[in-house]
Amino acid sequence: MGLHVGIDFGTSNSGVGIYQNNQVHVLPIDSKNVVPEVVKTILYITTDHKHFIGQEAVELYYKQNINRQRRFVKKWSGEIDYHGADMHYVRDVYVYVDELQPGRLMQFIKTALRSEKYSGTQVFDRFYSLSDIISTYLQALKQRAEALLRDEISGVTLGRPVKFSQVTELDQKAQDTLYQAAMEAGFKRIDFELEPVAAALYYELSLTQPQNVLIFDFGGGTLDLTIMRLGDPHHREVFASGGIGIAGSDFDRAIIQKRMLTHFGKGSVQHDPEILDLINIIPDWAALPELSTPRARVALERAIQSGQAAVRLKALESLIFNDLAFSFYNMVEATKISLSNSGVAVARMKEKDLDIWELYTRVQFEKDIQEHKEQILQVLMETVSASGMEPGQIDAVVKTGGSSNIPTFSELLARIFGPEKVKSSDIFNSVTAGLAIKAGQ
Amino acid sequence: MINQNKIDEWIHEVEERPASAALIIQYIANRLSELASREEELAAQNIALISGRKVEDYENRIANLEYQLELLKRQLGGEIILPTEMPTTKPLVAMVEVLVYNPLGQVLRVEFDPDGMTSGQTITQLTSDASLEDMQPNVLVTTSQEELLFLFDSGRTVTLPVSHLPVFRTDNLPWQQAFILELRIKEELAAIIPIARMSLYEACVQASRRGFVKKVKTSILASHITEKYIGTGVKLPADKTCGLTFTSKEDLFVMVSQEGYIFSMQADHLPVAIEEVVHLGITDHIVTAFATGQKPSILFMTQNGKAVYRDTSWLEPASSFKTKGQPLLSKERRESGTRVVGAAAVDDTDWGITLHADGTLIAHKLRDLLAAGSAATGPQIATILSFSSIHMPEVKK
Chain L
1 MGLHVGIDFG
11 TSNSGVGIYQ
21 NNQVHVLPID
31 SKNVVPEVVK
41 TILYITTDHK
51 HFIGQEAVEL
61 YYKQNINRQR
71 RFVKKWSGEI
81 DYHGADMHYV
91 RDVYVYVDEL
101 QPGRLMQFIK
111 TALRSEKYSG
121 TQVFDRFYSL
131 SDIISTYLQA
141 LKQRAEALLR
151 DEISGVTLGR
161 PVKFSQVTEL
171 DQKAQDTLYQ
181 AAMEAGFKRI
191 DFELEPVAAA
201 LYYELSLTQP
211 QNVLIFDFGG
221 GTLDLTIMRL
231 GDPHHREVFA
241 SGGIGIAGSD
251 FDRAIIQKRM
261 LTHFGKGSVQ
271 HDPEILDLIN
281 IIPDWAALPE
291 LSTPRARVAL
301 ERAIQSGQAA
311 VRLKALESLI
321 FNDLAFSFYN
331 MVEATKISLS
341 NSGVAVARMK
351 EKDLDIWELY
361 TRVQFEKDIQ
371 EHKEQILQVL
381 METVSASGME
391 PGQIDAVVKT
401 GGSSNIPTFS
411 ELLARIFGPE
421 KVKSSDIFNS
431 VTAGLAIKAG
441 Q
Chain R
1 MINQNKIDEW
11 IHEVEERPAS
21 AALIIQYIAN
31 RLSELASREE
41 ELAAQNIALI
51 SGRKVEDYEN
61 RIANLEYQLE
71 LLKRQLGGEI
81 ILPTEMPTTK
91 PLVAMVEVLV
101 YNPLGQVLRV
111 EFDPDGMTSG
121 QTITQLTSDA
131 SLEDMQPNVL
141 VTTSQEELLF
151 LFDSGRTVTL
161 PVSHLPVFRT
171 DNLPWQQAFI
181 LELRIKEELA
191 AIIPIARMSL
201 YEACVQASRR
211 GFVKKVKTSI
221 LASHITEKYI
231 GTGVKLPADK
241 TCGLTFTSKE
251 DLFVMVSQEG
261 YIFSMQADHL
271 PVAIEEVVHL
281 GITDHIVTAF
291 ATGQKPSILF
301 MTQNGKAVYR
311 DTSWLEPASS
321 FKTKGQPLLS
331 KERRESGTRV
341 VGAAAVDDTD
351 WGITLHADGT
361 LIAHKLRDLL
371 AAGSAATGPQ
381 IATILSFSSI
391 HMPEVKK
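Here the protein sequences come in this chain order: L and R. Take the first sequence: its position 254, counted from the start at 1, is 254 in my numbering, and no numbers get skipped. Take the second sequence: its position 231, counted from the start at 1, is 231 in my numbering, and no numbers get skipped.
Check each hint, because a few of them may be wrong.
Just so you have them, the derived chain L footprint on chain R, three or more residues with Cβ under 8 angstroms [stated by the list, open to error]:
#: 1; region: 6-12
#: 2; region: 235-245
No farther apart than 27 angstroms at their CA atoms in a straight line, the calculated lysine-lysine pairs in the DSSO-like style are these [unchecked claim]:
#: 3; chain 1: L; residue 1: 75; chain 2: L; residue 2: 50
#: 4; chain 1: R; residue 1: 295; chain 2: L; residue 2: 352
#: 5; chain 1: R; residue 1: 54; chain 2: L; residue 2: 352
For the record, the hints were derived by calculation from the structure and aren't laboratory data. Predicted model, so just to flag it, every value in this text is computed and none were measured. Heads up, the beta-carbon is just placed ideally off N, CA and C, and yes, glycines get one too.
With the hints as extra help, turn the sequences into a complete structure.
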């Protein structure tokens, strides 16, 4: 019988932990990352179906893709049946495929679990179902962990958000897919724990007496809330759980929509639906890399030649055709993160034909995410209410997850519960550590 | 773009957090400084545009591009504007063309269909009143859709499509009827070079008989060709230009001397100014220069018909100039009078054409030549005067 580990499969970052000799060890799973205990939830699959994760995937992606050559070939992809009132005909459908594409980068994989429609994607000559994609990633994590522990891993406690989806069937389907993926990755014993509960278990290690605790787990994909009685391992009690699918990636999208699209022609281009479609797709991280088709290039060149917002559309062309989407999203995320420590940051990106300089303040950021903040406040108050407690009865609010560092949410929690009660847990590792504790029990 | 709304938001930020003010000023100051230097660059470009210097640059580039486009049109059999006095034959299929020429500017063109060709076959027979050897003929094999650059030792150039040269279809080629290129005083025809694919290469290397070379970027060469002059490429009064070779940066450039000394160097390392890269003996001179490209082997042809094959990896690229060269022939063979008459980078599917002292032009499949080790098709072989190789074209039916 092999080891049993805890894995936090997060939207932006993941981690692996193990509980041995009454101690939690979060494994340095990504030696190339600045924080080796955290591995980016990024998967890169090359044309020969080799897989890379984390920082290695990012570096290989940059090496193989930035300013690379492209060669599009028209390929038959299927046919469409037209059924009219008095006619029926079949039409072939062709797509342009970039023959020279060296690999496919996937991020925010976990978000796909809450999608009703997403079943998988074609990666070169092979179709990867969602469970294939996740199992490929989990398998790579497992292999790295086994290499570090020098022992076989057979069991896993996987973290899961309180709600993958508000729809019960979709929520169950998401957990089933995750279970299937873990099986395919080679785990024989699989169990789940709610991510905020896992974070609570880690926090419990620091307690000397029982407390009512609100876990505020705010990561890249979801906000998960749990109110629990902690401090006595034999008498833990969950009073209420809640959550919402709003988190870091939604804030990035809000920044792009409200501050970045003008750099690519929004507001300057009028009455050109084809170009406006291209601009409006920019916030969609999954769709942007797919825009680099000959048709899009022709449309852009036509618009540039006609003189409408030539510099901005040239920037859009550069973003699409120089494979800068990934760098662009990283730049936006980095700007958001730096606003956690400072009132002002500059969103800066300078590449061929692309020069973004956007002075961005915390006031602007808070204005841009105001709608999300209101929804979060509502879920928070609903969860507190469901626990049957008043805010004053909660002894501690434990923040975990990257987005929990955003000052406006810290201020919100301090205002409701009192500043002395708001505590920061290990931002990136507390869930992993808690899952390891659960796995070890 | 900075607008009033954004400025209001920044002011709001400062009101909320006064510490942000210093940062905002710092960021804006940095940006202003960056924009100021960019404005200066743009102003400089504007001056260049207004003064016409930029226009001149662009005009030169346009002229080069138009020239290369014309070459490609001819190569692909597209529409071309022909000089009125030239024949307007446009080949329908890619025929193989053999050109025999000499320093006096006489050029004979014979055409054959590669489909029916067999190894060892005599293509044609040259006839002449004078000794062929004394006329110093050279042979060049190319295709019917090529563009040719005629390079004179004065540095002058002339370009013509192959199809503009009169073609002889008889079994006998009389030198007296050769097409004559008009030479200027004290001028000789140094080489004929196919240039249709010139734009695919990064540079071209001009070589002289005494082992001097200079490298020219193809974009610059195109403008030289437009001006019908590329320079002599020599330093010594007794020296003469002998050829041009197109290369990519990574290609190995090779020169072979008559006495069998080889100079090779990565094209990227060759000099832009005229330099003596190989120091030849007083009686020796360069007979051929070429780039190895993707070809796996080098074939050396001696005057007595010996075909010497070497893998490209056998070459020892020079790391400096004025080298002695890598010897191909042993001292004994050199002293016994063996001389190299031609060499080329080849693979075994290529063909070679040899011109013999008795006037016969013979086609050889190089795979057979490799097996036999000799160009002799019978017990006796007339001295080989020149050798040229070609990768047979796909025939357009």
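Outcome of the hint check:
no. : hint             : result
1   : 6-12             : holds (count 4)
2   : 235-245          : violated (count 0)
3   : L/75 with L/50   : holds (24 angstroms)
4   : R/295 with L/352 : violated (37 angstroms)
5   : R/54 with L/352  : holds (22 angstroms)
The structure is inconsistent with the numbered hints 2 and 4, although it conforms to all the rest.
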